[in-house]
Amino acid sequence: MERKHIINFIVIFLFFLLAAGLFNLDVRQGQKFRRLSDSNCIRLISQFGSRGNILDRNGKIIVDNKISYDVMILPQEKEDVERALALISRVLGVGIKELKIEFKKNFVSSSVPVCVVANIKPTDAIVLGEYKIEQPNIIVTSKPLRHYPYGSLAAHAIGYLNEIDRWRLTKLEDYGYKTKDIVGFGGVEEKYDYYLRQEEGGLSVEVNHRGKFTRVLGFEPPRNGKDVRLTLDLSIQKIVEEKLEGKKGSVILMDPYTGEILAMASFPGFNPAIFVNKKTKQIAALFHDSDAPFLNRAIAASYPPASIFKVVVASTALELKKVNTSTTFLCQGQTMVGARKFKCWDTHGPQDIFQGIAHSCDVYFYKAGLLSGAQNIHDYALKLGLAHQSGFDLAQETAGFIPSPLWRKLNKFQNWYDGDTANLSIGQGECLVTPLQAVNLMAVFANRGYLLTPHIVKAVGEVDLSARKNKAVAVPLKKKTVEVVASGLRRAITDPKGTANVLSSLAVKVAGKTGTAQVSRGSTHAWFTGYFPQERPQYAICVFLENGGPGYAACVVAKQIIEEMYNQRLI
Amino acid sequence: MRNSFFKIFILALIIAALGILSIYSSTYQKESATWQDIYKRQILWLIFGLVCFFLFARLNYRKLWDANYFIYGGALFLLFLVFTLGIIRLGAQRWLRFAWFNFQPSEFAKLAVIIFLARYFSRKSINDTSLLSGKFGIFRGIILPFIFVAVPMFLIIEQPDLGSGLMLMLVFVGLLYLTNLRLKYIYTLLVTMILPLPLFWNLLHDYQKKRLLVFLNPNIDPLGAGYTIIQSRIAIGSGGFFGRGWLRGSQSQLYFLPESHTDFIFATFAEQWGFIGGALLILLYYLIIRQGFLIAQRTQDAFGRYLAYGISLLLALQVFINIAMNMGLAPVVGLPLPMMSYGGSSMLVTFIALGILVNIDRTRNVF
Chain A
8 MERKHIINFI VIFLFFLLAA GLFNLDVRQG QKFRRLSDSN CIRLISQFGS RGNILDRNGK
68 IIVDNKISYD VMILPQEKED VERALALISR VLGVGIKELK IEFKKNFVSS SVPVCVVANI
128 KPTDAIVLGE YKIEQPNIIV TSKPLRHYPY GSLAAHAIGY LNEIDRWRLT KLEDYGYKTK
188 DIVGFGGVEE KYDYYLRQEE GGLSVEVNHR GKFTRVLGFE PPRNGKDVRL TLDLSIQKIV
248 EEKLEGKKGS VILMDPYTGE ILAMASFPGF NPAIFVNKKT KQIAALFHDS DAPFLNRAIA
308 ASYPPASIFK VVVASTALEL KKVNTSTTFL CQGQTMVGAR KFKCWDTHGP QDIFQGIAHS
368 CDVYFYKAGL LSGAQNIHDY ALKLGLAHQS GFDLAQETAG FIPSPLWRKL NKFQNWYDGD
428 TANLSIGQGE CLVTPLQAVN LMAVFANRGY LLTPHIVKAV GEVDLSARKN KAVAVPLKKK
488 TVEVVASGLR RAITDPKGTA NVLSSLAVKV AGKTGTAQVS RGSTHAWFTG YFPQERPQYA
548 ICVFLENGGP GYAACVVAKQ IIEEMYNQRL I
Chain B
64 MRNSFFKIFI LALIIAALGI LSIYSSTYQK ESATWQDIYK RQILWLIFGL VCFFLFARLN
124 YRKLWDANYF IYGGALFLLF LVFTLGIIRL GAQRWLRFAW FNFQPSEFAK LAVIIFLARY
184 FSRKSINDTS LLSGKFGIFR GIILPFIFVA VPMFLIIEQP DLGSGLMLML VFVGLLYLTN
244 LRLKYIYTLL VTMILPLPLF WNLLHDYQKK RLLVFLNPNI DPLGAGYTII QSRIAIGSGG
304 FFGRGWLRGS QSQLYFLPES HTDFIFATFA EQWGFIGGAL LILLYYLIIR QGFLIAQRTQ
364 DAFGRYLAYG ISLLLALQVF INIAMNMGLA PVVGLPLPMM SYGGSSMLVT FIALGILVNI
424 DRTRNVF
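Protein chains in written order, with this note's numbering: chain A, 8 to 578; chain B, 64 to 430.
Please keep in mind that the hints were generated in silico from the structure rather than gathered at the bench. Incorrect hints may have been included.
Claimed, not checked - DSS-like, lysine-lysine: derived pairs with alpha carbons at most 30 Å apart:
(1) A/LYS348 x A/LYS419
(2) A/LYS128 x A/LYS139
(3) A/LYS255 x A/LYS67
(4) A/LYS187 x A/LYS233
(5) A/LYS11 x B/LYS126
(6) A/LYS85 x A/LYS150
(7) A/LYS504 x A/LYS328
(8) A/LYS486 x A/LYS566
(9) A/LYS185 x A/LYS255
(10) A/LYS286 x A/LYS104
(11) B/LYS273 x A/LYS85
(12) A/LYS187 x A/LYS285
(13) A/LYS85 x B/LYS187
(14) B/LYS187 x A/LYS11
(15) A/LYS198 x A/LYS178
(16) A/LYS233 x A/LYS255
(17) A/LYS11 x B/LYS247
(18) A/LYS286 x A/LYS233
(19) A/LYS187 x A/LYS286
(20) A/LYS390 x A/LYS516
(21) A/LYS39 x B/LYS247
(22) A/LYS11 x B/LYS70
(23) A/LYS516 x A/LYS245
(24) B/LYS273 x A/LYS11
Looking at chain B on its own, in the form it has when it is part of the complex (with noise of 0.2 Å):
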């Protein structure tokens, strides 16, 4: 028991001192002092996300359970509110002002999403204690859920962030294939949602429509939408196989390679450290996401199961589809490195999940 804690606390804080350096070393050319800051400001995020995990991981994730509705319907009302008060970066909404920094919503509503969808799969039978949702008809086991997660898909998707709202739905498709709903279920689902994609292509945004054409062919576009993955697969291909050294990476640190210390942290981070540090750091993404996967089959709770498997999941395509894209291996869209990349609030939601995941291992004995 003691085990899993202390082992993802260890990954995760190595993960998000590895994070820290890379942000350190990315921005320490910059001319202004706030530039040269950041790597300080991110040093007090660790420390508010340590503090959210330690508490999480005491907080019994039962409770989450009674405050299910809260959540999400918190989570529904920030999306709302960043529609009208978010401010405007990078040309998106997706920021929420608070006192002295800005929140995402979108990370959390992440969260929130899948704490519901664990709530909602692990209802028990009146008659006996197996999971309703094996025995859950098209309507409850696929429309109903698609509806709560498609609310704030949308709204985030409108902001735009159309990565984290993908994100919310693989995870969402994930979770239901691990309810042991019936395939066929799933298969109606994800045809219905493919289908219609030709027509969503017109609802893109300009940006978006680009990003994916650059995508197959970033030579289309060198110095506008294909510059970023250009110069991405540059910073981390020039790393060789030992990477070229602490801040000695070019690319990152002269500001070829733009966002190198939020989306494209894993290009800094690989143009520094090489083949063999990027593949550690694969590594020990990797591990952290098996003790998700350990702590879900080990807990016999639906919702912790549940729970367990969504903040698995979420890690493992957050991380995946985000080291892919630097690589060139999947679109660019928004989506931060968990502990890596510089933001709060992906760092406060994700050492709260992690939080949440040793609960769930914490507590399972209780029951």
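For reference, chain A alone in the conformation it holds in the complex (with noise of 0.2 Å):
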């Protein structure tokens, strides 16, 4: 072949080779590359909407949030970097040294900023932006932070926030929750959190190989939370939380016709701030308090009743005809069940069922519990709310328990005997109540027979859920009974010797019960439950103190908490 056509076909040859690598690097792997080059040049800038925010009853802030100023540097230059640090640290006083440790600690890469200062004040922020032209590599963002004006107010019902854990993050993910997303933990913040939580928002921009905005390719606006209303009143939150500090244990207050909760305590408690600004040594510190400082004791924790079961009792021994209001048992300070001896706290004499309930006499309720049968209390119990979730719009609720012979039989393979009927009768033994049941319970009086759903949330955004709870349940009591209970529970205020008579020097006419339960370890617990005003009831309260002494102990933060209701006219 003569050498041209050799030289022709050369060059045929190398420019269909070009067209193969074009084919090769359009069409082949066109899709891989069209990718790469998407990812040099778009970013993402988020921007953040604001989580709902927490309001009581009548509409006032118990949690919001305030926009919080992060410093950030853009890492590229390393002097720049020096520059601005040195520069941050002049202006706000920190140390250069811990502005340094802050940068390498957050440094992801290059062209990520890296948040050196969190939360820092609004002068600053304004100071630091003045300083734009000179150092364009620090950033001042702001973003919305949980903002808790009351500190630890309402702490357990309202819960607090962290970044989402594992657990949490395998049961949301279809919801659309990523890791590192902040989600509540506890009370509202927890059960409410798809409303509360907002929607981050966000520019698409196109950059240039030095990262500088060219145009906007796409934008969504972030959307905010919903606000969660609840039943809470913030006032008598303070008052509550004012008068338990300091002792172990909760306090409810329930309005007793509709069940909304005006106020829920459990002490010791937690500040919510500390998980926004991140103060690890204090966190790891309450969560490793032996005293539980996250345990909502309101709804979380269940005691033995003690004397306030005395209330089942009593309406049980009623209803069934055991008793009637003109029975009455001696009270000799024992008596015997069986061949054993069970003692009363104190020698009564002969006791109807008013003084009985009044007097919390041991014997009168060993007495009535034993005609009842330990089987039909059980039952009794179930129909007033004990022993099963009330239905509370919080997570956590425990069931609490109350035993009977049946369930004894069943599960334990063991009798049930007249001596376990006697322990039942004053609420001791196996019984397990939360005070949140134990509220309920008092409702059931004061409403003259209605077993009530207690909740919490009052509204979500516009939508108001009061419509949307469970309807007040008639308990099967007789209007007799109910009244006659509800009479013993006024007489233990009125009565000289009754056991809140401590109660009876109050302006608002009081109705309620005491109890003191007997642990294995430490003093007793505490109970005091009941309503006011006793004719036209507004609440239900339960007091209740861990280990805290007798029910005097429990009747006079009870008392405490009506008095400063009653000089602030809540009453």
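Hints given; two lone chains; assemble the complex.
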């Protein structure tokens, strides 16, 4: 072949090679390169919406958000970073060493801004903003952060915010939750997280090779979370927490007609703000505290009800016609059940049902209980809302427990003896009741016979939830029974020897029952549960003090609360 | 006759127009007005180029035979001048400052060497009209012309402009092959050139070594020397089959691709017009080169024939190496894409070469 043809062929071959190379890049690997190209030039800038506020029943803010200013540095040139850090240190008065440590800790890559100081004062933010021209790699961003104007107020009912954990993430992934999301833990924040939570919006922008903005490709506005309105009354909640302060236990106030929780406090508590400021040491200390400050004692813990359970026994005996208003039992300080001696806490002499409730006479209730039978007491306890969850709208509610002969037989293969009935009759033994159940039990006598579903959330956004709550259920008690027990409850205050006589000095007429629960270790638990004003009840109350001594101690706290409420004209 | 003139003219015009579109698209996002006006300068250069094209299409190419030594000497002079007066841009000393533009003598030198070689190999024997080159021995066939090529080549490589220097060598070998020189000699030349290559490695500049290593594996230095290849491949590849569309190439317009209006203009073009556009462009180049080969084959005059071959080869190799380098198939060397890349010298020289080509076809019948 002539050389000119060979050259010609070589050239054709070379050009064919080019076309083949082009085909390879464009068509065979086109998708991949398109992706690489997009990732080169498209950046997402997120914009934060704010989480929904939590309001009290009157719309007053309990928890809201405030703008937090963070100082970030764009780490591109090393000297620039040094200079920027020096500037920040000068303006904020923070040691440059700490800034450098923070910078190293948060560094991701040279194109991602690094947060060096979080949550600075607005004035400092403005000052730093002034340096934008000299030091363009300092960025001050603002994002809404949870703000707790009342500190630890109602912390248990509200809960706190933290980074999502693994367990929650696996459950919530399908609902659009991502790692590093901030979600609610405990209380309303957790239960209503889906409504409260904001949707992150963002700007997708095109940048050039220097990361400089060229144009906006798309914008999705951030969406704020919905506000949640609670049934709590801020002023009552404040009083309650003030009076409970320093005593382990919980206090609940409830509207006895609607089941709305007006105040719910548990002590020891915590300040949810420490999670916002990421005070790791304090958080760890709280988690390791043996007093379990995160436990909402009002709903998540159950205790022996002791004497407040006598209300159930009285109802059962009356309802089954085992006793009537003229039945009296003689209290000699003790009685024999089978071969065992059961003591009363005092010697009361002859007692009718009113006196039995007022003096909390154990002997009266041993006898009334034995007449009624353990299984019947258990059944009526269930009808009065014990031993099962009340349907309260926060998680973590425990069911409590009331034993019965049947349960004993089925689960423990043991017989039930009269001694057990006697123990059950005074609310000891295996009985466990939550403070929420106790207040709900009182509400039945306050509203003359209806079992309510307690709840704490009134509205989400604009939607009023009260219509969706379970309706009050009529407890199958005769009107007479309720009235008799209710007047017994009033007698506990008015009777000079009544266990809650200390409350008689109040301007408000209170009805209620005390309880002193024996525990295996430490001093007794103190209960007071009742309602007021007696004629036209507005509030059902339960004061529970863990290892707080005799029921009298709980009465004192209740008295302080009611007094303060009266002074503030809330009654 | 008019036919080839017309074809080459149209093809070159289309390619140059596509080049201007690409330059416009790659610079219209840039901030300063000088950058944004760069396509206007290219239009100006195109007009100059066309003037030169018409001029040289009219000028009898045999005049080049006479002026041959002046041209060659002039090219050498300019290359020397670059050493002493040249301005440094992008780390290389390749340009000469003229009144209002920068001139790159190495572009001119390529053409000058081709003219020189065409003349050298087309001397006729006194006794008969056949060419001497077939009868050349190793000295007159290889060594002497090699020296004539090596001097400007050395000057160009020292600028440093390895690409243009190697280009000269490749065109030289191609022309040698076409002059019916004995294959034995050509092999000898190739072997003597390739064997000492490992020794030359140490003579290369660091950046040149790096480029060669990066060509073998661009990922060894993704932000340094490999950056351009990676970005260029992304630009071409992201075009896909139909391209991203006019003015929508993010790689070239947002400055991710360096030199997007000069050496890497093919990537800029292919990003916007995709496989369809890129393949069409390659076809256009092939057609123009094919015209060159056809002219060479038609021409009886040996000088004209070698000149046509030389010009076609120069074009073909430049186009091939540049596009291959854009696609990461060849190491990055500073070679412009003829008629497309921004730059006056390359534009002028290419159009002069095309003018000569057309003139060869026009004049051949005179003989």
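A quick look at each hint next to the structure:
| no. | hint | verdict |
| --- | --- | --- |
| 1 | A/LYS348 x A/LYS419 | holds (25 Å) |
| 2 | A/LYS128 x A/LYS139 | holds (17 Å) |
| 3 | A/LYS255 x A/LYS67 | holds (28 Å) |
| 4 | A/LYS187 x A/LYS233 | holds (21 Å) |
| 5 | A/LYS11 x B/LYS126 | holds (26 Å) |
| 6 | A/LYS85 x A/LYS150 | holds (27 Å) |
| 7 | A/LYS504 x A/LYS328 | holds (27 Å) |
| 8 | A/LYS486 x A/LYS566 | holds (29 Å) |
| 9 | A/LYS185 x A/LYS255 | violated (37 Å) |
| 10 | A/LYS286 x A/LYS104 | holds (20 Å) |
| 11 | B/LYS273 x A/LYS85 | holds (25 Å) |
| 12 | A/LYS187 x A/LYS285 | holds (14 Å) |
| 13 | A/LYS85 x B/LYS187 | violated (69 Å) |
| 14 | B/LYS187 x A/LYS11 | holds (20 Å) |
| 15 | A/LYS198 x A/LYS178 | holds (14 Å) |
| 16 | A/LYS233 x A/LYS255 | violated (34 Å) |
| 17 | A/LYS11 x B/LYS247 | holds (18 Å) |
| 18 | A/LYS286 x A/LYS233 | holds (28 Å) |
| 19 | A/LYS187 x A/LYS286 | holds (17 Å) |
| 20 | A/LYS390 x A/LYS516 | holds (27 Å) |
| 21 | A/LYS39 x B/LYS247 | violated (48 Å) |
| 22 | A/LYS11 x B/LYS70 | holds (22 Å) |
| 23 | A/LYS516 x A/LYS245 | holds (22 Å) |
| 24 | B/LYS273 x A/LYS11 | violated (36 Å) |
The structure shown violates the earlier hints numbered 9, 13, 16, 21, 24.
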